[in-house]
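Q: Residue numbers (full-length UniProt numbering), protein chains in the order written: chain A, 1 to 206; chain B, 1 to 206; chain C, 1 to 206.
Derived by calculation from the structure, the hints in this document are not laboratory data. From a predicted model like this one, the values you see are computed outputs, not experimental measurements. Careful: at least some of the hints might be erroneous.
In silico lysine to aspartate or glutamate, EDC-like type, Cα no more than 20 Å apart, as pairs [as the list claims (entries may be wrong)]:
1) A:K109 / B:E88
2) C:K109 / C:E174
3) B:K27 / B:E112
4) C:K109 / A:D63
5) B:K109 / B:D63
6) A:K109 / A:E174
7) B:K27 / A:E88
8) A:K27 / C:E28
9) A:K27 / A:E88
10) A:K27 / A:E112
11) C:K27 / B:D63
12) B:K109 / C:E174
13) C:K27 / C:E112
Ranges between beta-carbon positions, derived for each pair [unchecked claim]:
14) B:L188 / C:R167: 41 to 49 Å
15) C:L5 / B:P82: 33 to 41 Å
16) A:V71 / C:R26: 31 to 39 Å
17) C:R167 / A:V71: 19 to 27 Å
18) A:W195 / B:V79: 35 to 43 Å
Think of the CB as a built atom: it goes at the ideal place given N, C-alpha and C, for glycine as much as any other residue.
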Amino acid sequence: MPTLLVTLDLVGIFVFAVAGALVAVRKELDLFGVLVLAGVTGLGGGFLRDVLIGAVPPAALADWRYLLVPVTAGLLTFVFHPAVGRRERAIDVADAFGLSLFCVVGALKAVEYGLGPLPAALLGMITAIGGGMTRDVLVGRVPVVFRGELYATPALAGAAVAVLAERVDSAATEGALAGAAVCLVWRLLAIRRQWRAPMPRGPASV
Amino acid sequence: MPTLLVTLDLVGIFVFAVAGALVAVRKELDLFGVLVLAGVTGLGGGFLRDVLIGAVPPAALADWRYLLVPVTAGLLTFVFHPAVGRRERAIDVADAFGLSLFCVVGALKAVEYGLGPLPAALLGMITAIGGGMTRDVLVGRVPVVFRGELYATPALAGAAVAVLAERVDSAATEGALAGAAVCLVWRLLAIRRQWRAPMPRGPASV
Amino acid sequence: MPTLLVTLDLVGIFVFAVAGALVAVRKELDLFGVLVLAGVTGLGGGFLRDVLIGAVPPAALADWRYLLVPVTAGLLTFVFHPAVGRRERAIDVADAFGLSLFCVVGALKAVEYGLGPLPAALLGMITAIGGGMTRDVLVGRVPVVFRGELYATPALAGAAVAVLAERVDSAATEGALAGAAVCLVWRLLAIRRQWRAPMPRGPASV
Chain A
1 MPTLLVTLDL VGIFVFAVAG ALVAVRKELD LFGVLVLAGV TGLGGGFLRD
51 VLIGAVPPAA LADWRYLLVP VTAGLLTFVF HPAVGRRERA IDVADAFGLS
101 LFCVVGALKA VEYGLGPLPA ALLGMITAIG GGMTRDVLVG RVPVVFRGEL
151 YATPALAGAA VAVLAERVDS AATEGALAGA AVCLVWRLLA IRRQWRAPMP
201 RGPASV
Chain B
1 MPTLLVTLDL VGIFVFAVAG ALVAVRKELD LFGVLVLAGV TGLGGGFLRD
51 VLIGAVPPAA LADWRYLLVP VTAGLLTFVF HPAVGRRERA IDVADAFGLS
101 LFCVVGALKA VEYGLGPLPA ALLGMITAIG GGMTRDVLVG RVPVVFRGEL
151 YATPALAGAA VAVLAERVDS AATEGALAGA AVCLVWRLLA IRRQWRAPMP
201 RGPASV
Chain C
1 MPTLLVTLDL VGIFVFAVAG ALVAVRKELD LFGVLVLAGV TGLGGGFLRD
51 VLIGAVPPAA LADWRYLLVP VTAGLLTFVF HPAVGRRERA IDVADAFGLS
101 LFCVVGALKA VEYGLGPLPA ALLGMITAIG GGMTRDVLVG RVPVVFRGEL
151 YATPALAGAA VAVLAERVDS AATEGALAGA AVCLVWRLLA IRRQWRAPMP
201 RGPASV
């Protein structure tokens, strides 16, 4: 991978890992729990994708920087969690950048492994949201992406744009940028305007 | 796969997906959560099997019909959930057909990938119940298959019959049908007569 | 694998499976739930490792003894759970032996599959604690390894020692023994002296 992409990737993992570590602190987990949740949130989506497309062992396991970044993020959050916790809005915005990056990178990696456009877009979304979902399951709460937060749809849209653009011209990088932009703008608007995903209407008969 | 088997497979996935979407509606998840739980319940067991036997990427990712069916089931359940929820008994019966199909198909796929009879039967059961188990974990409840519902044992029995018959004559389809019949009859009787799985006796010392 | 190692491995799986089955009984799961939790706790860590390093189907699926042992442990615990539950201290000590064995065996298997020292040590830890974590998620509780119990750190340390020793001399078995000893002594001291993992300081701002 080119250096710029690796740097972006590591920044995205760092941001995700901070968000995951903060959840762990609030659930009163110990240091190990904080580090694991940082790692799971930062790397889990990529692991899920790699296992599903057969790219094992996952790339993150072969590169010590990918293990060092979430550990650092977890340690910093463990120590400075009161300060980190007060900057939640800033974390949400940074998280939107990570989401945009991961949905595109994940989808293009799936294309590279021979998957069609529809499953590739789906795997892009899984890359972007899989870490947070696994984190939520580990701390025993229903994943936030299921509870009205508009988070997964922008990721799916961004992944779809990137995949379609790749089919038109596989060498151009504009498509990847367009995909990331679609996801980013949509997600930031959702945060700012508090857009919510549609809920089922009427009472559920049990 | 022959057309008849694909059709049956898609029908089974549809039924499982409706049952999964209904759980999501009752847990008050948003549209995305309903679609994910439909997909996880319909396809998750097959994904688990494919990852464990090394058949990645899972077949369902290579065929758009396998993605379209759970999305359709999820959307229909999202919109018409009051009507769907009142037909729970019918869903349970349809679900028994899906269970019978998946345990046999899953076990025979494991045999095809070189596994012995015992692990193949186990993977047949995992194919049949894995989606529902993953769904339950995602919404934060203990899987229903652990709580007295007689569901996994018929699937294991059906898978075992199919695997043993395959060893006797690998070309005949009667064995697969016999396996599915064993699972179906046992499961339908369990529903009708409210058979329960054995529970531990006496108080658990904590 | 040499016979001694297989025997040790099966004993470790048995102990883990008993601990898992006991959790299931206390959560009032049915017989099937008890057997699944026995299997998941005994074999889950190895499955996670094998899926991540691409060693599928997992070795345990190819050897009926690896399936028979957790089933036997589950059945015995199901029937004799009051007596088993009163021996929790003994189970904890036996569990420490299993932990020490699995972290070393898991790490060395990862080395064998070409992973570097850092990810190999991590996979050793995952092998040792992954089954218990999956068990806890299945019964809807936050994994005990996240809640102050000093359990994962000894496993990581033991795995690291074994991996480093393997790099110095890949033929010697002293390194593996040293790794297991580090994990075992640390874990037993943690049980006896009630050492706890560090917790975040100060209130978490929500």
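Q: Would you mind marking each hint as holding or not holding in the structure?
A: Here is how each hint holds up against the structure:
no.: 1; hint: A:K109 / B:E88; result: 41 Å, violated
no.: 2; hint: C:K109 / C:E174; result: 16 Å, holds
no.: 3; hint: B:K27 / B:E112; result: 39 Å, violated
no.: 4; hint: C:K109 / A:D63; result: 18 Å, holds
no.: 5; hint: B:K109 / B:D63; result: 17 Å, holds
no.: 6; hint: A:K109 / A:E174; result: 16 Å, holds
no.: 7; hint: B:K27 / A:E88; result: 27 Å, violated
no.: 8; hint: A:K27 / C:E28; result: 25 Å, violated
no.: 9; hint: A:K27 / A:E88; result: 16 Å, holds
no.: 10; hint: A:K27 / A:E112; result: 39 Å, violated
no.: 11; hint: C:K27 / B:D63; result: 40 Å, violated
no.: 12; hint: B:K109 / C:E174; result: 43 Å, violated
no.: 13; hint: C:K27 / C:E112; result: 39 Å, violated
no.: 14; hint: B:L188 / C:R167: 41 to 49 Å; result: 59 Å, violated
no.: 15; hint: C:L5 / B:P82: 33 to 41 Å; result: 59 Å, violated
no.: 16; hint: A:V71 / C:R26: 31 to 39 Å; result: 34 Å, holds
no.: 17; hint: C:R167 / A:V71: 19 to 27 Å; result: 21 Å, holds
no.: 18; hint: A:W195 / B:V79: 35 to 43 Å; result: 21 Å, violated
In summary, the structure is inconsistent with hints 1, 3, 7, 8, 10, 11, 12, 13, 14, 15, 18 from the numbered list given earlier, while agreeing with the others.
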